[in-house]
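**Q** Chain B: place on chain A using the hints.
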Amino acid sequence: MLTFKIALRNSFRQKRRTTLTVLTMLGGFALASISIAWSDGSYAYVIDMFTRNQMGHIQLHRAGYLDRPSLYKTVDDYKTLGPALETVERVQDWAPRLYSSGLASVGEKSSGVRIIGVDPERETATTRFDKKVTEGRSFSLAPSQEALLGTGLAKTLKAKVGDEVVIVSQGADGSIANDLYRIVGLVSSGDAFGDRTALYLHLTDAQELLVLENRVHEIAVVVDGLDDLDEVAAAIQTTIQQPEVEAATWQEFARSFYVAMRADQQGSWIMLFVIILVVAVGVLNTVLMTVLERRREYGVLRAIGTGPGQVFRMVVMEVVIMAVVSMILGSVVAYIVNYQLSIEGIALPTAFTYGGVTFDRLYTIINARSFYIPAVCIILTAVVASLVPAQMAARVAPARAMRTH
Amino acid sequence: MNADNDHKVIIAEGVTKEYSDNGLPVMALRGIDLTIEQGEFAAIVGPSGSGKTTFLNVVSGLDSITEGSVRLDGKLLSTMSGRELSDYRRDRIGFIFQAYNLIPVLTVEENVEYIMLLQGIDKKERHRRVRDLLAQLGLDGMADRLPSRLSGGQQQRVAVARAIVSRPALVLADEPTANLDSKTALDLIDMMRRLNEESGVTFVFSTHDSMIMARARRLIVLKDGRIDRDEAQA
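Order-wise, the sequence lines are chains A and B.
Sequential numbering from 1 applies to the first sequence in the numbering used here.
Sequential numbering from 1 applies to the second sequence in the numbering used here.
So here's chain A without its partners, still in its complex pose (with noise of 0.2 angstroms):
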């Protein structure tokens, strides 16, 4: 408590030089947290929108067709499954999928093709599929022959709304699968590179042609929050019970963009190191001129029986007690900040594609990390700075300290 007190009263002798210091950890403090906010911000939104807007967060497949997909790798009897899926919690939506490749020809122009069999109302609920048809509309909610082109694929096929588009591939009974449909919309998915191939056909129509009845490749599930997605997809895999059948995150799915997520959000921690550098350096510098300064005073304590090790603290708690103080003000700064930014977020001067997703604008998020990752490193590195001087301090020589002027 003493030493509390005049460590509290010391911080407060050298107002201009406290203020200084208490400015450099503040400012420290709000910039690695709004630093941490804006990347957790910006790689949750990318990944929001690319899970949400396309993948999903969690997908089940049949064992095996992650790692070699194949026309006959079906998850089978899926409108048993999805109403399961339903059941468990977080689970917010979900969507069957059916894929394969072909052939398609709008009058003399034809291309390879992706052919996705998507479930109109169920693929609007969880990806919002509609939002991505930018020329005509999407599909009928009953199979009607119609077709929804990307629009790198309709600009392939110099096809538009309204022509006809014919599809060859193989069914999974070993025939030639062709048919007619009429292209009903064009789509941009945000994946420009699969918009060059990209065919979308009502499920029901998709599973005829390919003789796939009842059965899809995938079902694309999205959750409540991007947080412990592994136990959800736990909680998946006991409820659907159903060995053959594998449910799988996002980090495992798109293993790639994941991985290069990671690496980016490195990069954070380089900013971070950086700051810590500069509170470190402001710190130290501060101590160092308290504690030549208070050289005598600290040899007087000594003298008067005051142990090394309570001079020790006296030094250390003067700098914690600051650190403290350039918390609480630089998480109020933080929180401004970073709520406005959450809100409003910061227009890119130059749009960029990541995962096929383009952004324009970022947002920070309002965690707790962004407020004790800061914390633990403004005091660590305050304590740590103020270590070797407060040891000076300690191991003052009393008399010779006490004639210092």
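To give a feel for the contact side, a few chain B residues facing chain A, derived at Cβ under 8 angstroms:
id: 1; residue: 62
id: 2; residue: 105
id: 3; residue: 117
id: 4; residue: 118
To be clear, the hints were calculated from the coordinates, so they are not data collected in a lab.
The C-beta atom is built at its ideal place from N, Cα and C for all residues, glycine as well.
**A** What follows is chain B alone, placed relative to chain A:
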């Protein structure tokens, strides 16, 4: 330690202190032999550079010695660790410095009770002792003031209060009156002498003020790091 040593607070034998001043060796003390008995009121006098402050520093363990030995209450200082010395000073020695050396961020009351806090004395007892002592030293109504708001004489009285409040066996005062005017200086010395007579606390102080010397009951004259004269006074 034999029975004769029981009343000896300080026993210095052949104490030599050499230090370096800008690379040049300086002999501050040259083989000092001195014994201070319990309850003494002794003045160490001599001109500047004679070794008065150095002597007080080495007998309190604030500074090391080059040769010889110092015993405090029979304990050999050279065998004590830094921590033990620190604890010993806290519990057995009171210091009064020429420049007062009060803790600037603590009030008068907090400065005086500081050592008792280190000793773990309970709050009630601390406050009782501080209150009594401040009244005794004419510092009533100044308990909440910071040292910067006191005159030199008042600050030195607070320093005296801090030195004796924990009831040490020995008070070492290094030129306690050097920064005070004559009247304040005499008042302070009279007060120290009264405390010595009333409570039996041993006082050893350095001075080169002839008026103050006259108040001491024992005069130890240092010259060039040696004891030139050691005599009792009435």
